[in-house]
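A.B. asks: These are the residues of each chain, in order.
Protein chains: 2
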Amino acid sequence: MYGVERLKDRMYEVNAMGVALALMDWDQQTNMPSGGAEARAEQVGILSTKLHESLVSDQTRAALGQAEAEAESEDDRALARVVRRELDLATKLPSELVGRKALLATQGHELWMKARKANDYAMFRPILGELVEICKEEAGHLGFTDHPYDALTDQYEEGATAAGWQAMFDGIRQPLVELIEETQLASPIEDGFLVGQWPAEKQASFTWAVIQKLGFRGESGRQDAAPHPFCTNFSVNDVRLTNRYNEVVTSSLYSGLHEAGHGLYEQNSPATWDRTPLAGGVSLGIHESQSRTWENIIGRSRAFWQWCYAPLREAFPALPDVGPEAVYKANCTVKPSLIRVEADEVTYNMHIMVRFELECDMVAGKLDVKDLPEAWNEKYRQYLGIVPETDAVGCMQDVHWSSGSIGYFPTYSMGNVLSYQIWACLQRDLGDTDAMLTRGDFAPILAWLVEKVYRHGSKYKPTELIQRVTGKPLGPEDYLAGITSKYRAVYGLA
Amino acid sequence: MYGVERLKDRMYEVNAMGVALALMDWDQQTNMPSGGAEARAEQVGILSTKLHESLVSDQTRAALGQAEAEAESEDDRALARVVRRELDLATKLPSELVGRKALLATQGHELWMKARKANDYAMFRPILGELVEICKEEAGHLGFTDHPYDALTDQYEEGATAAGWQAMFDGIRQPLVELIEETQLASPIEDGFLVGQWPAEKQASFTWAVIQKLGFRGESGRQDAAPHPFCTNFSVNDVRLTNRYNEVVTSSLYSGLHEAGHGLYEQNSPATWDRTPLAGGVSLGIHESQSRTWENIIGRSRAFWQWCYAPLREAFPALPDVGPEAVYKANCTVKPSLIRVEADEVTYNMHIMVRFELECDMVAGKLDVKDLPEAWNEKYRQYLGIVPETDAVGCMQDVHWSSGSIGYFPTYSMGNVLSYQIWACLQRDLGDTDAMLTRGDFAPILAWLVEKVYRHGSKYKPTELIQRVTGKPLGPEDYLAGITSKYRAVYGLA
Numbered sequence: 001m002y003g004v005e006r007l008k009d010r011m012y013e014v015n016a017m018g019v020a021l022a023l024m025d026w027d028q029q030t031n032m033p034s035g036g037a038e039a040r041a042e043q044v045g046i047l048s049t050k051l052h053e054s055l056v057s058d059q060t061r062a063a064l065g066q067a068e069a070e071a072e073s074e075d076d077r078a079l080a081r082v083v084r085r086e087l088d089l090a091t092k093l094p095s096e097l098v099g100r101k102a103l104l105a106t107q108g109h110e111l112w113m114k115a116r117k118a119n120d121y122a123m124f125r126p127i128l129g130e131l132v133e134i135c136k137e138e139a140g141h142l143g144f145t146d147h148p149y150d151a152l153t154d155q156y157e158e159g160a161t162a163a164g165w166q167a168m169f170d171g172i173r174q175p176l177v178e179l180i181e182e183t184q185l186a187s188p189i190e191d192g193f194l195v196g197q198w199p200a201e202k203q204a205s206f207t208w209a210v211i212q213k214l215g216f217r218g219e220s221g222r223q224d225a226a227p228h229p230f231c232t233n234f235s236v237n238d239v240r241l242t243n244r245y246n247e248v249v250t251s252s253l254y255s256g257l258h259e260a261g262h263g264l265y266e267q268n269s270p271a272t273w274d275r276t277p278l279a280g281g282v283s284l285g286i287h288e289s290q291s292r293t294w295e296n297i298i299g300r301s302r303a304f305w306q307w308c309y310a311p312l313r314e315a316f317p318a319l320p321d322v323g324p325e326a327v328y329k330a331n332c333t334v335k336p337s338l339i340r341v342e343a344d345e346v347t348y349n350m351h352i353m354v355r356f357e358l359e360c361d362m363v364a365g366k367l368d369v370k371d372l373p374e375a376w377n378e379k380y381r382q383y384l385g386i387v388p389e390t391d392a393v394g395c396m397q398d399v400h401w402s403s404g405s406i407g408y409f410p411t412y413s414m415g416n417v418l419s420y421q422i423w424a425c426l427q428r429d430l431g432d433t434d435a436m437l438t439r440g441d442f443a444p445i446l447a448w449l450v451e452k453v454y455r456h457g458s459k460y461k462p463t464e465l466i467q468r469v470t471g472k473p474l475g476p477e478d479y480l481a482g483i484t485s486k487y488r489a490v491y492g493l494a
Numbered sequence: 001m002y003g004v005e006r007l008k009d010r011m012y013e014v015n016a017m018g019v020a021l022a023l024m025d026w027d028q029q030t031n032m033p034s035g036g037a038e039a040r041a042e043q044v045g046i047l048s049t050k051l052h053e054s055l056v057s058d059q060t061r062a063a064l065g066q067a068e069a070e071a072e073s074e075d076d077r078a079l080a081r082v083v084r085r086e087l088d089l090a091t092k093l094p095s096e097l098v099g100r101k102a103l104l105a106t107q108g109h110e111l112w113m114k115a116r117k118a119n120d121y122a123m124f125r126p127i128l129g130e131l132v133e134i135c136k137e138e139a140g141h142l143g144f145t146d147h148p149y150d151a152l153t154d155q156y157e158e159g160a161t162a163a164g165w166q167a168m169f170d171g172i173r174q175p176l177v178e179l180i181e182e183t184q185l186a187s188p189i190e191d192g193f194l195v196g197q198w199p200a201e202k203q204a205s206f207t208w209a210v211i212q213k214l215g216f217r218g219e220s221g222r223q224d225a226a227p228h229p230f231c232t233n234f235s236v237n238d239v240r241l242t243n244r245y246n247e248v249v250t251s252s253l254y255s256g257l258h259e260a261g262h263g264l265y266e267q268n269s270p271a272t273w274d275r276t277p278l279a280g281g282v283s284l285g286i287h288e289s290q291s292r293t294w295e296n297i298i299g300r301s302r303a304f305w306q307w308c309y310a311p312l313r314e315a316f317p318a319l320p321d322v323g324p325e326a327v328y329k330a331n332c333t334v335k336p337s338l339i340r341v342e343a344d345e346v347t348y349n350m351h352i353m354v355r356f357e358l359e360c361d362m363v364a365g366k367l368d369v370k371d372l373p374e375a376w377n378e379k380y381r382q383y384l385g386i387v388p389e390t391d392a393v394g395c396m397q398d399v400h401w402s403s404g405s406i407g408y409f410p411t412y413s414m415g416n417v418l419s420y421q422i423w424a425c426l427q428r429d430l431g432d433t434d435a436m437l438t439r440g441d442f443a444p445i446l447a448w449l450v451e452k453v454y455r456h457g458s459k460y461k462p463t464e465l466i467q468r469v470t471g472k473p474l475g476p477e478d479y480l481a482g483i484t485s486k487y488r489a490v491y492g493l494a
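Line by line, the protein sequences are chains A and B. Going by the numbering used here, the first sequence opens with residue 1, and the numbers climb by one from there. Going by the numbering used here, the second sequence opens with residue 1, and the numbers climb by one from there.
Do not take every clue at face value.
[Unchecked claim] Short derived list, chain A residues pointing at chain B, Cβ under 10 Å:
#, residue
1, 15
2, 21
3, 47
4, 50
5, 222
6, 235
7, 274
8, 393
[Said to hold, decoys possible] 20 Å max Cα-Cα, derived EDC-like pairs, lysine to aspartate or glutamate:
#, chain 1, residue 1, chain 2, residue 2
9, A, 202, B, 201
10, B, 136, B, 368
11, B, 486, B, 434
12, B, 202, A, 201
13, B, 101, B, 86
14, A, 101, A, 146
Calculated directly from the structure, the hints in this document are not laboratory data. Backbone N, C-alpha and C fix where the C-beta goes; we use that ideal spot for every residue, glycine too.
Using the sequences provided together with the hints, build the complete structure.
C.D. replies: Shown next as structure tokens:
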């Protein structure tokens, strides 16, 4: 058999087990009765091992070797390259270490939940120290030239390095600090009218209708309630979004737009690549650029609300008739706050910078976990002008470190920055996007993103895709220009 | 490692893949968007193969051999016995035949759907012929002494034979024919008041409340809407029921009671056996006896409605206040009809007899598929006094044959017959069950069933379990006595 076909067969097997695991996870977060947790954890553990065995098996290696030798088309070479990277990442780490980290991550996650609840950093500190140590070990096995962080972050964003992230943050830090200060000195924006008793079913159906209006194919996806919004998929034609419903009328809409951004990227991979590693978004940062595009650039635009105001009022007649401009501005308030996941578009990257700088220092051995709370609080004071009163709303707020995910956070900021960089190109090509948004015509925008980004799935390396789409490497200019002009206008600043 | 422990580890692996497949199936029938079907089918195919490989692997064989040699406790010997049977069933058939049948079953199912829709038996006939032939081949590989049907039906009900089923049906045929005739000559029972516009959510919440009142643990299960009611489970503490909602107010209640009967059996397997083949109901026939107990013996009793009438009226205030006796009788009407899945408790077994006799003759080569419609219609005339006007509502109504499931149908009748045989023992032990049902006190009944049946999971062979619980082999006496006295009373017959 032709090597690429053999390789695809191996990948279909890996995919089947990966989808089983993804479905188990989705089910656990949307449907599973509490009694099911114990057996589910065991079953997930077993299937994860089977998936790993299948990926690193001699058969996969043989098929990959043959495919690398025989691949003739660009797509086939891309497939071989992507599998090689997956296989390398899966085999560079000794399975003893993988098992040890998985155990530590489970324990870490449990202890973190308890410690956060009890606001007791001392309870979490020892295992966090162990997690940092195992990440350093990991970095040693994965290999790096400049900084152990490079090896860690590359797992989440191919080609990323500590220095690269540092440059990204250096480019946006000071302008953001200044923009935040300016907005805080301006008159506050009225947003109290967004709060009310909005039926969850109404929020769900309204958001689902808007999402489909964007171009998300309803027959190839669904939206369910879950404690946290996320997007997962089992094929290009089965993309699941989750959402949660609270007292802010537009909160679930924005969660929905965010997850739909991820979902649109997944749904628009070529169907011929389905169930292979070429299908689906290429990296965390590029994925996040798409969720942010639909959530922030589109959903938090004046033009979007020109269109969406009427459907919103129709869905929620109890909402006072304040007009589209007031709803737009109410959804663009800037306010330094302690919790990352609740942060607005402008302050969000400051939260990430804090985490990036601290985790870099931790894996470099420059910051001891015992000093983390103090360092955390100092950076919040410096970047956001506020200081957490407790570690629960400070350095223990996020799940990531508790399971040893170090190097992940910067991909969120990359998404924010890149979204504007791509959007600037889209605008150059399409012209008056505001006119499109005002009439709720998302088709040309989606078509452009499909053509330039989504249809390429994971074929190109992230850095290569950015270059192809925007003609330059990731840089802060478009982001700063976009966010500064938008929020200065919102706050009526000169 | 001790052989039994090794064997359990192997079975945990098989279980993890089986649960992944069961979850994929549940998801497909409850949630999956239509676009997901194509990839799902491929993923299911791959995981099924992996499960089979894992079951028949050298590792499983070695562990089983060691376990058989070392097992000291009754439970350990039972585990080895059950796995041996599974392994034998999975290996007696050449994989070439298994693959050929799977393909034929898929094609058969598709052709059947088309042919049924078009009411065109000629379209279905050729592939049905092939399916019968492959079942004969299967029987040859599985081995049998008297009748090829024995080998086929044993796959669904361990120890069952054509002669055994024949004896069961011979015991009930004539009395049922007579009971049906008698009821049809009596004054018809009013049941029109059950029909109305009953909100699906209300039906769902009412049924779910009743099911939990029976003792079904809500934290270890759930109920979802699906085109067909079924029960599946992913562990003893995660048992999923499905239901569907129509214009008959008690229809979803009875589907719910039926599936909850299956579910109670699963939930009450010992937790220590979870994820091994010892957990869960032992055979199709014994499983069905439990669904029928809760649906028919309990749910279709006068005493049950003494209790359930008030909750029903509360849930559906638009229902006329006809009183519990009228609701009871309305749910116990007997009427010969063409469609098995809509049949009442008395006529149901006649539908099964028709199928059993025809499938026996087909695999014995006594009945050619070209003569099936005529033979079918003749038996319906003989047993139920009615003749299908089309094959779509005649010999093409069921899914089973279209995927080559021959030998399955009689387990439904076994469930009906056995439910009364077990219930007679329960009544002897517990005394006045009517008083319990009248006050909605299901706990003693469930406790008895757990003690006698459910807690044994799959430890004993079906025939052995029947003997242990009822002190005799399966026989028609209790069933005939129970059903005759009940329906004579309902219809006011002497």
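A.B. asks: All hints, please: hold or fail.
C.D. replies: Okay, the hints, checked on the actual structure:
no., hint, result
1, 15, "holds, 7 Å"
2, 21, "holds, 8 Å"
3, 47, "holds, 5 Å"
4, 50, "holds, 7 Å"
5, 222, "holds, 5 Å"
6, 235, "holds, 3 Å"
7, 274, "holds, 6 Å"
8, 393, "violated, 31 Å"
9, 202(A) / 201(B), "holds, 16 Å"
10, 136(B) / 368(B), "holds, 13 Å"
11, 486(B) / 434(B), "holds, 13 Å"
12, 202(B) / 201(A), "holds, 16 Å"
13, 101(B) / 86(B), "holds, 18 Å"
14, 101(A) / 146(A), "violated, 24 Å"
The structure shown violates the earlier hints numbered 8, 14.
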